[in-house]
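Residues per chain are reported as follows:
There are 2 protein chains.
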Amino acid sequence: MQYSFASRAQTLLTSPLRNIRALAKRDSFISLAEELPAEELFPQHSLAEAAAAVLSQDPRSLQYGEAEGYGPLREWLSQDLGRRKGVHVQPDHILLTTGTQQALDLLVRVYVEPEDPVLIESPTSPGMLQVLRLQGARIIPIEGDEDGLLPDELERQIVEHKPKLLMAAPNFTNPTGVMWSLERRRQVLERCAKHELLIVEDDSYGDLYFADAEGIEARERIPSLFSLEQPQGNHVLYIGSFSKTVAPALRTGWAAGHRRLIEMMTAVKQMADWQSSLLNQRILQHMLDSKHFDLEEHIRMLNREYRTRLKLMIELLKRKQWKHARYAVPEGGMFLWVELPPGLNGDALLRAALLKGVAFLPGSMCSPSEKADGCIRLNFTHPGRDELLLGMNLISEAVTEFTARS
Amino acid sequence: MQYSFASRAQTLLTSPLRNIRALAKRDSFISLAEELPAEELFPQHSLAEAAAAVLSQDPRSLQYGEAEGYGPLREWLSQDLGRRKGVHVQPDHILLTTGTQQALDLLVRVYVEPEDPVLIESPTSPGMLQVLRLQGARIIPIEGDEDGLLPDELERQIVEHKPKLLMAAPNFTNPTGVMWSLERRRQVLERCAKHELLIVEDDSYGDLYFADAEGIEARERIPSLFSLEQPQGNHVLYIGSFSKTVAPALRTGWAAGHRRLIEMMTAVKQMADWQSSLLNQRILQHMLDSKHFDLEEHIRMLNREYRTRLKLMIELLKRKQWKHARYAVPEGGMFLWVELPPGLNGDALLRAALLKGVAFLPGSMCSPSEKADGCIRLNFTHPGRDELLLGMNLISEAVTEFTARS
Numbered sequence: 001m002q003y004s005f006a007s008r009a010q011t012l013l014t015s016p017l018r019n020i021r022a023l024a025k026r027d028s029f030i031s032l033a034e035e036l037p038a039e040e041l042f043p044q045h046s047l048a049e050a051a052a053a054v055l056s057q058d059p060r061s062l063q064y065g066e067a068e069g070y071g072p073l074r075e076w077l078s079q080d081l082g083r084r085k086g087v088h089v090q091p092d093h094i095l096l097t098t099g100t101q102q103a104l105d106l107l108v109r110v111y112v113e114p115e116d117p118v119l120i121e122s123p124t125s126p127g128m129l130q131v132l133r134l135q136g137a138r139i140i141p142i143e144g145d146e147d148g149l150l151p152d153e154l155e156r157q158i159v160e161h162k163p164k165l166l167m168a169a170p171n172f173t174n175p176t177g178v179m180w181s182l183e184r185r186r187q188v189l190e191r192c193a194k195h196e197l198l199i200v201e202d203d204s205y206g207d208l209y210f211a212d213a214e215g216i217e218a219r220e221r222i223p224s225l226f227s228l229e230q231p232q233g234n235h236v237l238y239i240g241s242f243s244k245t246v247a248p249a250l251r252t253g254w255a256a257g258h259r260r261l262i263e264m265m266t267a268v269k270q271m272a273d274w275q276s277s278l279l280n281q282r283i284l285q286h287m288l289d290s291k292h293f294d295l296e297e298h299i300r301m302l303n304r305e306y307r308t309r310l311k312l313m314i315e316l317l318k319r320k321q322w323k324h325a326r327y328a329v330p331e332g333g334m335f336l337w338v339e340l341p342p343g344l345n346g347d348a349l350l351r352a353a354l355l356k357g358v359a360f361l362p363g364s365m366c367s368p369s370e371k372a373d374g375c376i377r378l379n380f381t382h383p384g385r386d387e388l389l390l391g392m393n394l395i396s397e398a399v400t401e402f403t404a405r406s
Numbered sequence: 001m002q003y004s005f006a007s008r009a010q011t012l013l014t015s016p017l018r019n020i021r022a023l024a025k026r027d028s029f030i031s032l033a034e035e036l037p038a039e040e041l042f043p044q045h046s047l048a049e050a051a052a053a054v055l056s057q058d059p060r061s062l063q064y065g066e067a068e069g070y071g072p073l074r075e076w077l078s079q080d081l082g083r084r085k086g087v088h089v090q091p092d093h094i095l096l097t098t099g100t101q102q103a104l105d106l107l108v109r110v111y112v113e114p115e116d117p118v119l120i121e122s123p124t125s126p127g128m129l130q131v132l133r134l135q136g137a138r139i140i141p142i143e144g145d146e147d148g149l150l151p152d153e154l155e156r157q158i159v160e161h162k163p164k165l166l167m168a169a170p171n172f173t174n175p176t177g178v179m180w181s182l183e184r185r186r187q188v189l190e191r192c193a194k195h196e197l198l199i200v201e202d203d204s205y206g207d208l209y210f211a212d213a214e215g216i217e218a219r220e221r222i223p224s225l226f227s228l229e230q231p232q233g234n235h236v237l238y239i240g241s242f243s244k245t246v247a248p249a250l251r252t253g254w255a256a257g258h259r260r261l262i263e264m265m266t267a268v269k270q271m272a273d274w275q276s277s278l279l280n281q282r283i284l285q286h287m288l289d290s291k292h293f294d295l296e297e298h299i300r301m302l303n304r305e306y307r308t309r310l311k312l313m314i315e316l317l318k319r320k321q322w323k324h325a326r327y328a329v330p331e332g333g334m335f336l337w338v339e340l341p342p343g344l345n346g347d348a349l350l351r352a353a354l355l356k357g358v359a360f361l362p363g364s365m366c367s368p369s370e371k372a373d374g375c376i377r378l379n380f381t382h383p384g385r386d387e388l389l390l391g392m393n394l395i396s397e398a399v400t401e402f403t404a405r406s
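Chains as they are written, first to last, in UniProt numbering: chain D, 1 to 406; chain R, 1 to 406.
Because the hints were derived from the structure by calculation, they are not lab data. A few of these clues could be false.
No copy is singled out in the list; a pair is fine if it fits within one copy or between any two copies.
As the list claims (entries may be wrong) - Quick list of in silico lysine to any residue cross-link-like pairs, SDA-like style, CA-CA up to 25 Å:
1. Lys-291 to Gln-57
2. Lys-371 to Leu-354
3. Lys-194 to Met-1
4. Lys-291 to Glu-49
5. Lys-194 to Pro-117
6. Lys-194 to Leu-150
7. Lys-162 to Tyr-3
8. Lys-323 to Arg-260
9. Lys-371 to Arg-326
Let's have the full structure, built from the sequences with the hints guiding it.
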């Protein structure tokens, strides 16, 4: 029969990431395209212990749970956000989601109507763009610099478009890795509050702060937009996850914010999938509460290793092929954003790289305009050091061929 | 600030089920309102073994997985559907979802535009109605009798409305527990195929077939719409889950169908939450593949126990308060659908019952019209025998009070 799909659904099939993933299944393929943590660093043993404990206790850990998510995990999170990030939020202002991607999707489903204007930090993550496209939002990119979003530009667009939302990731923005300055955070918050604009603050990467490898104190960190607004504020929905700090397969993220936002998102969550896995939430909570596991120490270990991998990548970019490439070295996160040597196009380079058995994310996927077509996003957290070396060699080869040709 | 939610999102907050759930958290409260399996029957020990095995092996069980779901579990499912249900489907025509609720939601998101007419078996599950309401579908209920949907009525509505979809659950429909006859299945399928109408066949309850307690052979079962159409058909999307047969907290359901449908649903799944928990899928697959666990034997045990609980409920309905109530005894599933004595309203009875510390699902939640207002849905799978007795006593008391008053 002829299936007649909803018109916007067609936009979902255009993602080149789908083809990259299909190729990446080949054994020797190296992908610097994805957003994966290093699996050899997962707290596998601690999670095994937690799973054994949870499954030997209460059979209700296998039952349906509450749409909001497991209460004791929301309580743990409430305390952890307060202690480590100066974010004060009650457990009943937190919704547990299937990763931050679901938190974004749920918020957009209850908040955005087709044709509604939505501001996004540009460039941005492909996942955020897809969510907005399926909902039919009018996507308005806002530029930034090395300190974060440009506040005057932001205000100009707010006044012109009267948008429903601003979506941003002030800590190590995906893909650029920019960390917004405190001053810039204050300015952005002030403009949004003045115009009553809701901000979705994605803090998926904030814990991957490499200064933390040296034992930086939590209070030395730049506060989130969410915490800057406290105690009275309600312009920010704060989202994050355990995918980068513990393990993605637990599929546990969260949204925290005003009770009305959380209530509405919980209602749509219940309709979308009833709830995320209670078993995973209980295993996670059991491990986090155990004396044998220290999340801060674990994150510090991750940061030491990821910082080393980033340094290696930076070294490899000092080769002559990359002489005319530009990049800022991020202080954390998972990605290096590279502006290719002049004349090179990310999509074309990717096609050449795929033939060599390596992938990265072309900039075109991170922007609704053509502005990022000359850029690529390189992931340095998943490939081990050998793989990283080999992968960068292959990409460098592809760059050489293009440069020689032009 | 003033949040301005999308207009349809408001429909999400009206569910009385939300209040029932809040009340049900009280310790002594008895709920016959929910759709819960009996937790004391979960294969807790086998799952603990499987979790230990999976977590001691490959750390990739904790990594991001594929949006389609874990390959070996899709292969297992493909074989199981063939062996036990005569459903022949290749693993790459299967998408693993977060329960059947997500399968419904994903399909509706890619297939239905606002104002599109959609036919549903009536009465139907509250979850199905919510999905359609949020998408803005025009919901058209189709009546049935004790053999299933009425085919002439179905065809009349197809011709009048040119709908996008028919949503139905031929095996122990939620809430009525009706099992469609083979003849009726053929008729419905033939009308839909003639008019090129896609059917979403929800087989969440098909395994809970109490004749199976006596060891009925798989081939004696009435085949699904999906398998009746094979090998050439493509008018049916077949959905189901492990929530009722293994455990809900694994949040593992599936959709099986034509490659184009599965591809589009996979794309929207990736946007919605990347993927369901790979860890859960691997634990489940490990247990199902293990020699120490036999799913058929496990389901047979469930059916013996659930049949006993249903019998007890039927006995309790023989009391005088229920003399003028009407119900058909289902051959399986999780619910008994009761038409209350004349003059009684399900919502009003629920308010009285809640004060007594017991809940059920009022019929009003299962229908877009007022047709089911005089009915209630009773769950007999979750409450243990004592709880079931006590719960039914309390509901009977409420009925007596109403009947005495009128």
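Now the hints, each set against the structure:
For the identical chains of this complex, Lys-291 and Gln-57 are neighbours both inside a copy (18 Å) and across copies (24 Å), given an alpha-carbon limit of 25 Å. In the homo-oligomer, the alpha carbons of Lys-371 and Leu-354 lie at most 25 Å apart inside one protomer (23 Å), although the nearest pairing across protomers, at 59 Å, exceeds that limit. For a Cα distance limit of 25 Å, the shortest separation of Lys-194 from Met-1 across copies, 10 Å, qualifies, whereas the shortest one inside one copy, 53 Å, does not. In this assembly of identical chains, the alpha carbons of Lys-291 and Glu-49 lie at most 25 Å apart whether taken from the same copy (12 Å) or from different copies (24 Å).
In this assembly of identical chains, the alpha carbons of Lys-194 and Pro-117 lie at most 25 Å apart only when taken from the same copy (18 Å versus 42 Å across copies). Taking CA atoms no more than 25 Å apart as the test, Lys-194 paired with Leu-150 passes inside one copy only; the shortest distance there is 16 Å, against 58 Å between copies. Taking CA atoms no more than 25 Å apart as the test, Lys-162 paired with Tyr-3 passes between copies only; the shortest distance there is 14 Å, against 37 Å inside one copy. For a Cα distance limit of 25 Å, the shortest separation of Lys-323 from Arg-260 qualifies neither inside one copy, at 52 Å, nor across copies, at 45 Å.
Taking the shortest Cα distances, Lys-371 and Arg-326 sit within 25 Å of each other inside one copy (15 Å), while across copies they are farther apart (67 Å).
Of the numbered hints listed earlier, the single one contradicted by the structure is hint 8.
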